[in-house]
Amino acid sequence: MKILRVEASNFKNCEDGFSIDFMPTARKTSEDKEYELQEIAEELYVFSTVGIVGKNASGKTTVLDLLNVCYDILTRFRIGKKEYSLNGAKLTIYFFYEGCIYKYQLQLNDDDVTGIVYFEDQIIMKKEYYKTYVNKIFDDDGFEICEFDSRLPKDTSIAFFVIDAIQNGTAYIKSSDFGPDIFRLVFYMEKTLKNFNEILKKILRIFDENISGLEKVDENNYKIVFDGKEEVVSDEVLYTRLSSGTNKGLRLYMFVALSLLNGDDLIIDEIENHFHKTLVENIISLYKDKSVNKNNASLIFTTHYCELLDLFDRQDNIYVTRADSKVRLFNMYRDYNIRSELQKSKQFYNDAFNTAVNYEALMDLKKELRR
Amino acid sequence: MKLLVMCEGPNEKTIMDLLLANNCLAFSEDDLLGSVIFHARQIKKSSLVRIELNAYMGDVKILRI
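Here the protein sequences come in this chain order: A and B.
For the first sequence, counting from 1, position 194 maps to 194 in this note's numbering; every step adds exactly one.
For the second sequence, counting from 1, position 65 maps to 65 in this note's numbering; every step adds exactly one.
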């Protein structure tokens, strides 16, 4: 299953008709097809990586929250309790699954007390994918409403009738810290990752060469080999023993490994958080390299680090968020006239996307601190 | 030192990948920058090549196919 487009109204603070695309609109070169795009069906391409940039409080995380809700619906068929209200949110999700294009319209309502999210006014439409119609796949022509004989509880999406088995799904890595729970999360992957121990060892080597082994003893205790010495420690001690970068890197790289091996999309908020630039670049490169990314996983991330945009060979997979009274999303290719030979980061610093930090506000603070 | 192998097109890359996989070249995967053969015409237009060049600090010899 691959999401191709999401449209939303009344979702958090997004403007009505908010929309994000995962299919290329600009010309595709043979190099793009090798690295920047994935062919999920003949002539049907989606992005390997999608970057979302914008200044603070412009709605980057809101976009990721929206995508996370959509992935929850299509992979788990339910939406877990959120820290924000979904009441009245109307979504249209276009996705590709087993040779067909689906258009899924729904409205969400949540119960304030229980936090249960209910699905209402659900319609799923379907049409077969043919490469000759690749430029018209979002057109209403050809879509037919899917009829289902059975009924489901109101907190379960009818996408279950189409996809019929819970998918591995998508991980959403928020910028907030997990605390010692990181290790429980990492070792949970032991069940799903074939070469878990080897991957874990190699990731630890990237972040801290003094650690030559890490094993789970029980739910709360771990055996660590640090500087050649073996020791059993609790998760809390382990969390303080490892550096903040190692803890975060371990969590992030394990999710990257899981995503690449299973072909699941990965959503990361503030990818540069705690990380050396080379490591962030490396994560992006893993998704572009088809010898590693064999199962069409996509990486979707937000960043304040606009130099990362220079690692994108295309413009249509870069989105810029802006917020005044509502959050709005702009596509770098569709909505800005940026010459492709110009460095994207320079354009960012030149405020071509209206994302510059408010200089007057900075000076106001400086003056206040001088008093 | 690492070798940066840049192929002009996808066909050249496919052939080079096959030769590499079957040990028909004078170098192995370990000798390659990024452990792969690239489909890239120009360094400055290939983000993947630039990422690998940023990560590797040693000398690089370029082979164009």
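Calculated directly from the structure, the hints in this document are not laboratory data.
For glycine and all other residues, C-beta sits at the position ideal for the given N, C-alpha and C.
There's no promise every hint is true.
Simulated DEER-style distance windows between Cβ atoms [to be verified]:
#1 A:Lys-33 x B:Asn-23: 24 to 30 Å
#2 B:Ala-26 x A:Lys-136: 32 to 38 Å
#3 B:Glu-12 x A:Lys-223: 31 to 37 Å
#4 A:Lys-82 x B:Asn-54: 46 to 52 Å
#5 B:Met-57 x A:Asn-358: 45 to 51 Å
#6 B:Pro-10 x A:Glu-120: 44 to 50 Å
#7 A:Cys-100 x B:Asn-54: 38 to 44 Å
#8 B:Glu-8 x A:Leu-365: 33 to 39 Å
### Task
Determine whether the Cβ-Cβ distance between Lys-82 (chain A) and Asn-54 (chain B) falls within the hinted range of 46 to 52 Å.
Given about 38 Å between the Cβ atoms, the range is violated.
### Outcome of range test on Cβ distance (Pro-10 (chain B), Glu-120 (chain A); 44 to 50 Å)
holds (47 Å)
### Task
May I ask you to test the hint 31 to 37 Å on the CB atoms belonging to Glu-12 (chain B) and Lys-223 (chain A)?
violated (49 Å)
### Task
Using the beta carbons of Glu-8 (chain B) and Leu-365 (chain A), state whether their distance is inside 33 to 39 Å or not.
Once the Cβ atoms are compared, 53 Å apart, the range 33 to 39 Å for Leu-365 (chain A) and Glu-8 (chain B) is violated.
### Query
Is the distance from the Cβ of Lys-33 (chain A) to the Cβ of Asn-23 (chain B) consistent with 24 to 30 Å?
holds (28 Å)
#### Entry: Status of the given 45 to 51 Å range, CB of Asn-358 (chain A) versus CB of Met-57 (chain B)
violated (38 Å)
#### Entry: Distance restraint evaluation - Ala-26 (chain B), Lys-136 (chain A), Cβ atoms, bounds 32 to 38 Å
Hint violated: Cβ distance 50 Å, outside 32 to 38 Å.
### Query
Quick one: are Cys-100 (chain A) and Asn-54 (chain B) within 38 to 44 Å, going by C-beta?
holds (41 Å)
The structure fails hints 2, 3, 4, 5, 8 (numbered hints given earlier, in ascending order).
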